[in-house]
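K.L.:
Given next are the chains, with one letter for each unit.
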Amino acid sequence: MQETELQWDQLCCRVTKPARYTDAEWNAITPADQHPQLRFALAYPDVYEVGMSHLGLRILYHVLNSDPRFVAERVFSPWGDMEAELRGTGMRLATLESRTPLGDCDVVGIDLPYELTFTNVLNLLDLGGIPVRAADRGEEMPLVIAGGPAASNPEPLADFVDAFFIGEAEQGILEIAQALAETKGEPRARRRERLAAIAGVYVPALYRVEEREGLLCPAPTDGAPSVVRRRLVDLETAPYPTCPVVPYLETVHDRVTLEVMRGCTRGCRFCQAGMVYRPVRERSVETLTRLAGEALACTGYDEISLLGFNSADYSRAQELIDALLERHAGEMVSISMPSLRVDTFSVELARKLQTVRKSGLTFAPEAGSQRLRDVINKNVTEEDLFAAARAAFEAGWFGLKLYFMIGLPTETDEDVRGIVHLVRRLEQLGREVLGKERRGRLRLAVSVNPFVPKAHTPLQWDGQAPAPELQRKQAILREGLTGKHLDLSWGKGEQSMLEAVFARGDRSLGPVLEEAWRLGCKFDAWGEQLRLERWQQAFARHGQDPQELASRHLGVEQPLPWDHICYGVTKEYLAAQARAARAGECTPDCRFEGCTLCGACPPAAGTA
Amino acid sequence: MVCRLAKGQPVKFISHLDWMRAIARALRRARLPVAYSAGYNPHPRLAYGPPLSVGNTSETELVAATLTEAVDPGTFQERLAAALPPGIRVLAAWPAPLLGGKVTFGELDTVVYLVTVWGPVDQEALNTKVSQIMEAEQLPYRRLRVGKVKEFDARPLVRLVQVVEASESSAVLKLTLRLGPSGTLRPEEMLDLLGLAATCHAQVHRTALYTAKTPTPGRPRPTRLLGGARRRR
Chain A
1 MQETELQWDQ LCCRVTKPAR YTDAEWNAIT PADQHPQLRF ALAYPDVYEV GMSHLGLRIL
61 YHVLNSDPRF VAERVFSPWG DMEAELRGTG MRLATLESRT PLGDCDVVGI DLPYELTFTN
121 VLNLLDLGGI PVRAADRGEE MPLVIAGGPA ASNPEPLADF VDAFFIGEAE QGILEIAQAL
181 AETKGEPRAR RRERLAAIAG VYVPALYRVE EREGLLCPAP TDGAPSVVRR RLVDLETAPY
241 PTCPVVPYLE TVHDRVTLEV MRGCTRGCRF CQAGMVYRPV RERSVETLTR LAGEALACTG
301 YDEISLLGFN SADYSRAQEL IDALLERHAG EMVSISMPSL RVDTFSVELA RKLQTVRKSG
361 LTFAPEAGSQ RLRDVINKNV TEEDLFAAAR AAFEAGWFGL KLYFMIGLPT ETDEDVRGIV
421 HLVRRLEQLG REVLGKERRG RLRLAVSVNP FVPKAHTPLQ WDGQAPAPEL QRKQAILREG
481 LTGKHLDLSW GKGEQSMLEA VFARGDRSLG PVLEEAWRLG CKFDAWGEQL RLERWQQAFA
541 RHGQDPQELA SRHLGVEQPL PWDHICYGVT KEYLAAQARA ARAGECTPDC RFEGCTLCGA
601 CPPAAGTA
Chain B
1 MVCRLAKGQP VKFISHLDWM RAIARALRRA RLPVAYSAGY NPHPRLAYGP PLSVGNTSET
61 ELVAATLTEA VDPGTFQERL AAALPPGIRV LAAWPAPLLG GKVTFGELDT VVYLVTVWGP
121 VDQEALNTKV SQIMEAEQLP YRRLRVGKVK EFDARPLVRL VQVVEASESS AVLKLTLRLG
181 PSGTLRPEEM LDLLGLAATC HAQVHRTALY TAKTPTPGRP RPTRLLGGAR RRR
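Heads up: the sequence lines are chains A and B, in that order. Position 568 of the first sequence, counted from 1, bears residue number 568 in the numbering used here, the numbering being contiguous throughout. Position 68 of the second sequence, counted from 1, bears residue number 68 in the numbering used here, the numbering being contiguous throughout.
Source of the hints: derived by calculation from the structure; they are not laboratory data. Glycine included, each C-beta is placed from N, C-alpha and C at the ideal position. A portion of the hints provided could be inaccurate.
Derived list of chain B stretches under chain A, where covered just means 3 residues or more per stretch with a C-beta under 8 Å from a C-beta of chain A [claimed, not checked]:
id : region
1  : 22 to 28
2  : 85 to 93
3  : 131 to 145
Listed next, the in silico DMTMM-like pairs over lysine to aspartate or glutamate satisfying Cα-Cα at most 20 Å (straight line) [what the hints assert, rightly or not]:
id : chain 1 : residue 1 : chain 2 : residue 2
4  : A       : Lys17     : B       : Asp153
5  : B       : Lys129    : B       : Glu188
6  : A       : Lys17     : B       : Asp122
7  : A       : Lys401    : A       : Glu432
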């Protein structure tokens, strides 16, 4: 065994779940070409099991490794015990496949799934031997790129990342890799400029921030684009990893995740994903059945999950499901749809899918009253919900999971009590339909989370409800939702507050983030790991109050720190939607009822 | 069909549960006709031999698959081999009789490990210790697991300890231990009893699993393993 391999072997003996730090999985690459033009470290800022469930990472691994010029390897956040070993021995965090320390790779590409991973991002860089601040990195250091959902407002991480990628990276990642391969040896500043010339790339160093109405907003220096537009791909022809790495460890998604469609135009006003992945694109049934077959054969998984915001919205859902069942049910392959629209058609589809194995059903009414559902444009009526629930119980389900939010704009206590009434009536319905013999098994799992205002949504100007208000509303729910059939679960308030701070934050958060990390904050998304006192300390030292930042209301006219990032949907459209929200007006789905002029559809000329 | 697999260096850190899933998936990739159970949650009808501790390698991991149709063992082995990830190899495959419709490994009662230890070794002390253990009537041991302490006599669980080779800086030991409902002694615990600190400077490798006919500690005489090839000493 090579020396580095032996060292890692010894570390692995001393930690829990050592399989988090080893490779040799089925379909993992063996870096045979030890001298590729570029060694790309793909990093996910959480532990192996969480990162390996992520489709985005799999796609990029596949895209880069399919190109003979480049090698992409994986790295994940080490758990606390492994981190202690690394820091104790002075070894740097390294890629799984070749054990190349991050600091020795050519480029580190970090996926940003959500804001609560930011401290892990800094920690990962530091453990890899890379200075956390972009400005402190010498010429020999790798370029640090970041992309993903939380890159939609990149400003809080602007001090730490050399370049952000906005949008879908299947094609863009190759352009970035090529640009970096071609500029090897050139000065860092020159390489960043080269990256900035690629569509969809935002290089923070090329922008200076100006304070405008209390917020730090980036303004371009000469040559840099004033607006960075997201990249879109054609889903039908986009690369799909039919031979992804099959982890040994149990992950959240031990199945073939088939991306059926991307984008959603239902128009729920709180939802960032619905705004930034427009327009809706679908893969054809032919392509999907082919990909499914290849992926099952190449992985050995016995379950397919249909990924897409509302898989039941897929225009040929019935046909697709029939095709998949026909081909694969006999092989004991089960098919699931993680997200479900609230109507009987969806339930019927789900029932069909359950012929092999049964799994849970989830509905997301989100709000307890029709008035509030109209405000957030969640076009679900009580009739829909009860009809769908009835269909579910009749088809044999004993349990349902229900998602709600509290702290939505214009919400009153009456709306919150509406959640109680709704759930109680569902409970009654369940007992009735299941009947005397089976109703003892009825289970309604109600999950309630505080609303978090996100950038690039119609509700981005609204502040998060302050903690005391949330606690009061939670108490209403706790009192009202008791009993043997109900399981109530909460999102952690402090986590939501932090999420809200960073979701609409600006560059002034950079120093706060760094301080919090230095004070020992990491794995903030893991409830029990969150150290709120340290965060409070970090904010206080920089004269900021997190509650105030999370709850502040922004003016519709004021410049925002993410105005230079564009996902197609115009700010005017978002503002018009905000007005419609206040008026309780609904906006239908443009796929079925006419264009709403949001701006997301690319102009015919072909620029994204 | 029963097969014997090797778990090598690259995968020694995966747990028994991870291992079970990995083999099940490999069998699917190999398109071998494994039977499934009936009911709400059908799963492949596979039985696995005694678990191996995380960090240990092995050349005798056992899996029994109930098949829906007969497959020639050579073909079975070939197809499975092509579908196994690096670090897992299939060494042998043979048809086994179904006892009451199921294949189980409950009859196995002996396991053999080859343990390599690196570090300063006092060869004389080691040999003395080995003799003491083999001659002892009782071997009290304290096991600490998840905050609970269990005290028991380890002697009946030890069939044979032999020093295969030893130098100043390393040693190789062969441990023949008992396996079964009366309890098991882990090889790391055996190292503890031998006074060799069970650190990562030890590599434990499982070499054999079988059914012994003799109930007393001594050199066991292996018998046919589930109707498979007779193992030669």
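K.L.:
If a hint holds in the structure, say so; if it doesn't, say that too.
P.N.:
Okay, the hints, checked on the actual structure:
Chain A is given as covering the region 22 to 28 of chain B, and this holds because 6 residues of the stretch bring a CB closer than 8 Å to a CB of that chain, at least three being needed. For the region 85 to 93 of chain B, the assignment as covered by chain A holds, since 3 residues bring a beta-carbon within under 8 Å of that chain's beta-carbons and 3 suffice. Look at the region 131 to 145 of chain B against chain A: 0 of its residues bring a Cβ nearer than 8 Å to a Cβ of that chain, fewer than three, so the hint is violated. Note on Lys17 of chain A and Asp153 of chain B: the hinted pairing is violated, with a Cα-Cα distance of about 31 Å set against a maximum of 20 Å.
With a CA separation close to 16 Å, the supplied pair Lys129 of chain B and Glu188 of chain B stays within the 20 Å bound. Taking the CA atoms of Lys17 of chain A and Asp122 of chain B, the gap is near 33 Å; set against the 20 Å cutoff, the hint is violated. The straight-line distance between the Cα atoms of Lys401 of chain A and Glu432 of chain A is roughly 18 Å, inside the 20 Å bound, and the hint therefore holds.
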